[in-house]
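Student: When we follow this note's numbering, the leftmost residue of the sequence shown carries the number 1, and every step to the right adds one.
There may be inaccurate statements among the hints.
[What the hints assert, rightly or not] For each label pair, taking beta carbons as the anchor points, the in silico distance ranges come out as:
{"no.": "1", "residue 1": "17", "residue 2": "38", "range": "51 to 61 Å"}
{"no.": "2", "residue 1": "29", "residue 2": "4", "range": "48 to 58 Å"}
{"no.": "3", "residue 1": "86", "residue 2": "26", "range": "19 to 29 Å"}
{"no.": "4", "residue 1": "23", "residue 2": "45", "range": "28 to 38 Å"}
{"no.": "5", "residue 1": "85", "residue 2": "15", "range": "51 to 61 Å"}
{"no.": "6", "residue 1": "73", "residue 2": "37", "range": "46 to 56 Å"}
{"no.": "7", "residue 1": "41", "residue 2": "79", "range": "19 to 29 Å"}
{"no.": "8", "residue 1": "31", "residue 2": "2", "range": "58 to 68 Å"}
{"no.": "9", "residue 1": "12", "residue 2": "36", "range": "31 to 41 Å"}
{"no.": "10", "residue 1": "43", "residue 2": "11", "range": "27 to 37 Å"}
{"no.": "11", "residue 1": "46", "residue 2": "86", "range": "49 to 59 Å"}
{"no.": "12", "residue 1": "66", "residue 2": "18", "range": "38 to 48 Å"}
{"no.": "13", "residue 1": "82", "residue 2": "10", "range": "52 to 62 Å"}
{"no.": "14", "residue 1": "9", "residue 2": "45", "range": "22 to 32 Å"}
Calculated directly from the structure, the hints in this document are not laboratory data. Quick reminder that beta carbons are idealized off the backbone N, C-alpha and C, glycines included.
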Amino acid sequence: MIRILFTIIAGVLLGGVVHLVSVLALPRIATQDAYSRLTPMTKLNAVTARAAPIVLSSLSLSLGSGVHALLGRREDGVALVLDVMAARSPRRAESAT
């Protein structure tokens, strides 16, 4: 009985040591960390905008009753249209209802 208990305690301690060593060693051996992924798109010691702001020049939209879907990419301004309709982004012209 003592032998089984000793084996279980030794296994738990060995597992804890292996876990601790692997967690502490992982940042040193990782190749795809945040710093290496952001280095190509940013300048060192500078503030960098990740994406240019989206501006919709003129938009006329009339939606009837029912369910509608706006399709497109971020560059197409779909997220901006939804933000204006939800009153999360300021609008510069007439109204959005």
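Student: Hint says 28 to 38 Å; check whether the CB-CB distance for residue 23 and residue 45 agrees.
Tutor: Holds: the Cβ-Cβ distance is about 30 Å, inside 28 to 38 Å.
Student: Do the beta carbons of residue 12 and residue 36 sit within 31 to 41 Å of each other?
Tutor: This hint holds: roughly 35 Å between Cβ atoms.
Student: Is the gap between the beta carbons of residue 31 and residue 2 within 58 to 68 Å?
Tutor: violated (46 Å)
Student: Range hint 51 to 61 Å: satisfied by the CB atoms of residue 85 and residue 15?
Tutor: Holds: the Cβ-Cβ distance is about 54 Å, inside 51 to 61 Å.
Student: Per the hint of 38 to 48 Å, is the separation of the Cβ atoms of residue 66 and residue 18 within bounds?
Tutor: Once the Cβ atoms are compared, 59 Å apart, the range 38 to 48 Å for residue 18 and residue 66 is violated.
Student: Is the gap between the beta carbons of residue 41 and residue 79 within 19 to 29 Å?
Tutor: Hint holds: Cβ distance 21 Å, inside 19 to 29 Å.
Student: Return holds or violated for the Cβ distance of residue 9 and residue 45 against the range 22 to 32 Å.
Tutor: Distance hint for residue 9, residue 45 is violated at roughly 51 Å.
Student: Taking the Cβ atom of residue 86 and the Cβ atom of residue 26, is their distance within the range 19 to 29 Å?
Tutor: For residue 86 and residue 26 the Cβ distance comes to about 41 Å; the hint is violated.
Student: Cβ-Cβ distance between residue 82 and residue 10: within 52 to 62 Å?
Tutor: holds (59 Å)
Student: I want to verify a distance hint. Is the separation of the beta carbons of residue 29 and residue 4 within 48 to 58 Å?
Tutor: violated (36 Å)
Student: Holds or violated: the 49 to 59 Å window for the beta-carbon distance between residue 46 and residue 86?
Tutor: The hinted range 49 to 59 Å is violated for residue 46 and residue 86, with Cβ atoms some 33 Å apart.
Student: Using the beta carbons of residue 17 and residue 38, state whether their distance is inside 51 to 61 Å or not.
Tutor: violated (33 Å)
Comparing the model with each earlier hint shows violations of hints 1, 2, 3, 6, 8, 10, 11, 12, 14; every other hint is respected.
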